[in-house]
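**Q** Build the full structure now, drawing on both the sequences and the hints.
Protein chains: 2
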Amino acid sequence: MFDVFKSYLSSKIAITDEEFELIKSLGILKKLRKRQYLLQAGDSWKYDAFVCKGCLRTYRVDDKGQEHILGFSIENWWTGDRESLLSGTPAQSNIDALEDSVVLLFTHENFLHICHEIPAFNELINGILARSFVALQNRIHASISYTAEEKYQNFLKTSPQLANRVPQSMIASYLGISAETLSRIRHQSLKK
Amino acid sequence: MFDVFKSYLSSKIAITDEEFELIKSLGILKKLRKRQYLLQAGDSWKYDAFVCKGCLRTYRVDDKGQEHILGFSIENWWTGDRESLLSGTPAQSNIDALEDSVVLLFTHENFLHICHEIPAFNELINGILARSFVALQNRIHASISYTAEEKYQNFLKTSPQLANRVPQSMIASYLGISAETLSRIRHQSLKK
DNA sequence: AAACATCCTTGACATTTATCAAGTGTTTTT
DNA sequence: AAAAACACTTGATAAATGTCAAGGATGTTT
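Taken in sequence, the protein lines are chains B and Y. Residue numbers for the first sequence follow the UniProt record's numbering, beginning at 1 and rising by one. Residue numbers for the second sequence follow the UniProt record's numbering, beginning at 1 and rising by one.
These aren't lab readings, by the way, just hints derived from the structure by calculation. Among these hints, one or two may not hold up.
No copy is singled out in the list; a pair is fine if it fits within one copy or between any two copies.
[Unchecked claim] With a straight-line cut-off of 20 Å between C-alpha atoms, the simulated SDA-like cross-links for lysine to any residue are:
(1) Lys34 to Cys115
(2) Lys46 to Leu129
(3) Lys12 to Leu22
(4) Lys31 to Pro90
Because the structure is a prediction, the values reported are computed rather than measured.
**A** This is the structure:
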């Protein structure tokens, strides 16, 4: 599974074999079965995690017991709880596997070490963070501006890889609408 | 106005006089009168901007002509359109001044130069980006999970500096609810 | 194969929130 | 000082969306 990460890196930056050996020596592969937690709310999160295979979700549970999905992570994406990582506080979010999955974990200390040793890697990570920021901002825009139907259409446009991979009810949760409303929207859209 | 930026920096990182002279030589002070645009949708954005004084808003206008506020920026915050900056595309957002304001502009080229010359500055900026990311994620959580009233209460908690500074109708826009609904929520909350 | 769980759909109804319109006090402009 | 623009409120009504409940289809476990 390290090779997944290697081809990911090679496609983004120039990296020598020695550099990759360093990275490899600091990474921990972890297999997750469907439904297994990678992180449970209340625990603290200490890693940077790369998804080699599968699909995970990050979600929070409110007072009434309802789940709200903050995001999905599939192959070649990063996941984790940045808030817990940065501030050392217990995580508010849960992360679990929607499919059997494999993630590559780096303790944040090791991760920073890699960033320091391999400037191109550092650049890559900063670029990802900056683009994720833009994506979140666009998601906020959608969230405060769009109707339920527009939110769904926008989701299909921005996340086509997910549309047929995660349950519809989770897409609804991700969009902040009820599963029933999404079902009706899809039904109506067919007629057009 | 450069002194505002200097005390900001000094409060966050150790910085020498020479380093600050470099920064000063690359920054451009710009005064904005109330209502004046810093950026208009369609133009491209080339800067990193620090707010020395005043208050700005970032917003988008939808097909129906409605404004949706993505964020506010007051003294000691950064502003700009990262999407346009990173991708070179025309900005989707407008930024204008809600009060007479002063911003300090750095072309992105100069900004990167400063980051390169002053590692502590670079660290500072990366930390801000990471924390902004967390803040956006929490805002998305609020947006998909909370009722209109909870959104407002959460706003009061997370942004007390803004609550009495920007018009109520703009807070409503920022939260993705109508101005009338916010007015009613405030009225009801008083009774409790 | 039976029992069970999951996922999605559909209908009836309730609730939240938006929209439209009018009115009031306040600030800004002329 | 008058006129205009702005900010907020309030009521009446409409529209969007949520909730509850039932049922069907599919896949999984026993």
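**Q** Run every hint past the structure and note whether it holds.
**A** Status of each hint after checking the structure:
1. Lys34 to Cys115: For Lys34 and Cys115, neither the intra-copy (31 Å) nor the inter-copy (43 Å) Cα distance is at most 20 Å.
2. Lys46 to Leu129: both (18 Å within a copy, 19 Å between copies)
3. Lys12 to Leu22: Cα proximity of Lys12 and Leu22: one copy only (18 Å, versus 33 Å across).
4. Lys31 to Pro90: Classified as neither; 23 Å inside a copy, 43 Å across copies.
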